[in-house]
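**Student:** Following the hints, position chain V against chain W.
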Amino acid sequence: MKISRRARLGDLERAIMDRLWALDETDPTASLTVRDIHESISQERDIAYTTVMTVLDRLTKKGLVTRERDGRAWRYQPVSTSEEITAQLLREGLDHIESSDRKAAMMHFLDSASPEEIDDLKAALAELERRQAG
Amino acid sequence: MPPLSTWLPVAGLVLLAVLLTWPVQKAMVRRHIFRREPLLALLVWQAVALAAVVSLLAALPLALWVMRESLTTTPLALGVAVVAAVITASMVVRLLLAGHQVGTSLRRTRRAHRELLELVGHEFDELDQPTPQLRVIQHPAPTAYCVPGLTHRVVISTGMLEQLGPPEVRAVLAHERAHVRARHDLLVEFFTVLHTAMPKPLRHEDVLAEVRLLAEVLADRSGARTAGRLPMGRALVALAGAQHPAATLGAASDSVSAAQVRLRLLTEDGRRDWIMVATMIGYAMLAVATPLAVVVWVTALSGAR
Chain W
0 MKISRRARLG DLERAIMDRL WALDETDPTA SLTVRDIHES ISQERDIAYT TVMTVLDRLT
60 KKGLVTRERD GRAWRYQPVS TSEEITAQLL REGLDHIESS DRKAAMMHFL DSASPEEIDD
120 LKAALAELER RQAG
Chain V
0 MPPLSTWLPV AGLVLLAVLL TWPVQKAMVR RHIFRREPLL ALLVWQAVAL AAVVSLLAAL
60 PLALWVMRES LTTTPLALGV AVVAAVITAS MVVRLLLAGH QVGTSLRRTR RAHRELLELV
120 GHEFDELDQP TPQLRVIQHP APTAYCVPGL THRVVISTGM LEQLGPPEVR AVLAHERAHV
180 RARHDLLVEF FTVLHTAMPK PLRHEDVLAE VRLLAEVLAD RSGARTAGRL PMGRALVALA
240 GAQHPAATLG AASDSVSAAQ VRLRLLTEDG RRDWIMVATM IGYAMLAVAT PLAVVVWVTA
300 LSGAR
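Just so you know, the sequences run in chain order W and V.
Count the first sequence with numbering that gives the first Met the number 0 and you get residues 0 to 133, in order.
Count the second sequence with numbering that gives the first Met the number 0 and you get residues 0 to 304, in order.
Just so you know, the hints here were simulated from the structure itself, not pulled from any lab data.
Among the hints, erroneous ones may be present.
[Stated by the list, open to error] Covered stretches of chain V (in silico footprint by chain W; criterion: 3 or more residues with CB under 8 angstroms from a CB of chain W, positions within the stretch not fixed): (1) 102 to 112; (2) 263 to 275.
[What the hints assert, rightly or not] Not close to chain W: a few residues of chain V, all C-beta gaps over 12 angstroms, as computed: (3) P22; (4) I32; (5) A46; (6) V82; (7) T289.
From the three backbone atoms N, C-alpha and C, an ideal C-beta is built for every residue, glycine too.
Same shape as in the complex, but just chain V:
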């Protein structure tokens, strides 16, 4: 067997994984136009992330398949197999560890938070739109968030009820309900796990921030559909303008803030650019197909020999 064909497929998959995690994702973070189609953009992000993981996980099985005959005879083949084994095994271990750590830490924090919330939060049903599991906490700072999970809670402060009009409150609640309903937390958790599992040089915080922003944009749209774009926009500005002082500490934002991006996206007319939609779908499919194509191609080639 020629030496080239032994290491090429493995090297190809590793290179693909590196490309998909570093330059491709970096370029995607800069493609702000994707934000106009937040749902599709999240699909593309998942496709690319998944393709990178599949590439790394496929390295070992593929190397073994290609060299199933020469493994015991040529030292090079053995070397490649060992490298592939290390890559795949370390990726598996890292993913499992990260999944466990992130998952348990999130759930522990949320459970503790929920328990305290049950002590100080009040139920509230004087809204025209019932929000299940809504809790109101006594605090002058206008704020809203959700504690995601199977036993989720939507939390707003009395300060928010005082400072925002009913349409704005409706918009905020619809926004939070969208998070809870669509389980955006799982999406963010998935990317947090991948992020944590990646070797440090391959990580970038921008990806997590972008995924989180896209989830917010999606929820904003849901809020705008329920309560109108204007109330959604007003709620954004009102809550941004009245943040608790502690919130602004340490939030180093050199670029345009998430609130600004979200408001701008809300202002744009929602006309759908079908060419962009088609491009994004094609892009997502290509990302998933590439590592699979490499695997199929290599097995077919070496099987035919």
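Next comes chain W alone, as it looks inside the complex:
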């Protein structure tokens, strides 16, 4: 089952990132090895060491984590915080505004509004409220 396998991998990616994001941000040397992550996750679910390794490899290729050699093991660190990724997602949602409305990948509830518009909008809303009341 391809789909369920993919869903599980996505879940695992998240579990791994959560552990890396839990590291102390102020300490630049804070990092985890595959073994650290595997030990932590296997307390919650049954997971093979090699699976964790494979997923970490994928996360590295995607540019979400970086790694450094430490003796025979790799030490992993997150590239960006979850807040940074969230901000990036929000920007992407609004990207098509600059790219002249061409490739809008997301459907945004509302694109933008200027302060003058807001006043006009509020007046129109008051009108709607009056009508609904009357």
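**Tutor:** Chain V in isolation, oriented as in the chain W frame:
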């Protein structure tokens, strides 16, 4: 064979295509009254766009049919056939290319977005109305959007949950669900492909903006049906008033904004103007029928000769 009948049908189809893509669509963008019937308006838009494409695609086969006997004997006939071939072939190539480029680019962006979303988004089921594939992201800016597609996601921010009351949240979610359910993204994609495939002088951004607006109006109506018109209106104003500063940058809106149009349409009483409905249906049918009529008429004429 008289020369007139060789180039006339081809010229007619090309002219029809140009008319349908430029003056007709330009006039339609200005027909704001169409927005009161967003579903029908989208139908009309599709009919007109389709008719333009059919006209261009039919140019070559029609030219060949009309001149099937004189092709090798008269130079004019050959000339017309070559022109028609160039028009039809370039349109086919452009459509296929545009379809491929737009499609892959959209899907790649969405997949990448979804993957990141799975890392930082939270599932959320404390709403009175369950929304499948809902993800909440931690951000103070109130925002809502959907990542369309087969594996779609509806995304809202914690800022929206904090600043909007439950009825407004319900309205926003119903709005996003309507997009996802009705696959409005496919509609927008269809017009983006046509837009990209058209030669530059024949393109106009207004059409895409109008189609997108109509999809929003449709989703607004769905939200209003679920949560009430007032909550839908309040949600519109609240989200417009609290947009992320980055969102307002570069959004040059000289005319009335989409939010204003949507709120006004929400305020109008939903009484249906049946004359307008009938006109729009007739218009859509006429648009599709015209190129077909030209083809049928010409083949009948030249076949009878």
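**Student:** Hint by hint, note whether the structure agrees.
**Tutor:** Evaluation of the provided hints:
Only residues whose C-beta sits within less than 8 angstroms of a C-beta in chain W count toward coverage, and the region 102 to 112 of chain V has 5 of them, enough to reach three; the restraint holds. Counting residues of the region 263 to 275 of chain V whose C-beta sits closer than 8 angstroms to any C-beta of chain W gives 3, which meets the bar of three, so the coverage hint holds. With a least CB separation of 22 angstroms from chain W, V:P22 remains clear of the 12 angstroms interface cut-off, as annotated. The claim that V:I32 is not at the interface with chain W holds, since no C-beta of that chain comes within 12 angstroms of its own (minimum 18 angstroms).
For V:A46, the requirement that its beta carbon stay farther than 12 angstroms from each beta carbon of chain W is met, with the minimum near 23 angstroms. Under the 12 angstroms C-beta cut-off, the non-interface status given to V:V82 relative to chain W holds; the minimum distance is some 30 angstroms. Against chain W, the non-interface label of V:T289 holds: every CB pair exceeds 12 angstroms, the least being about 29 angstroms.
When the structure is compared with the earlier hints, no violation turns up for any of them.
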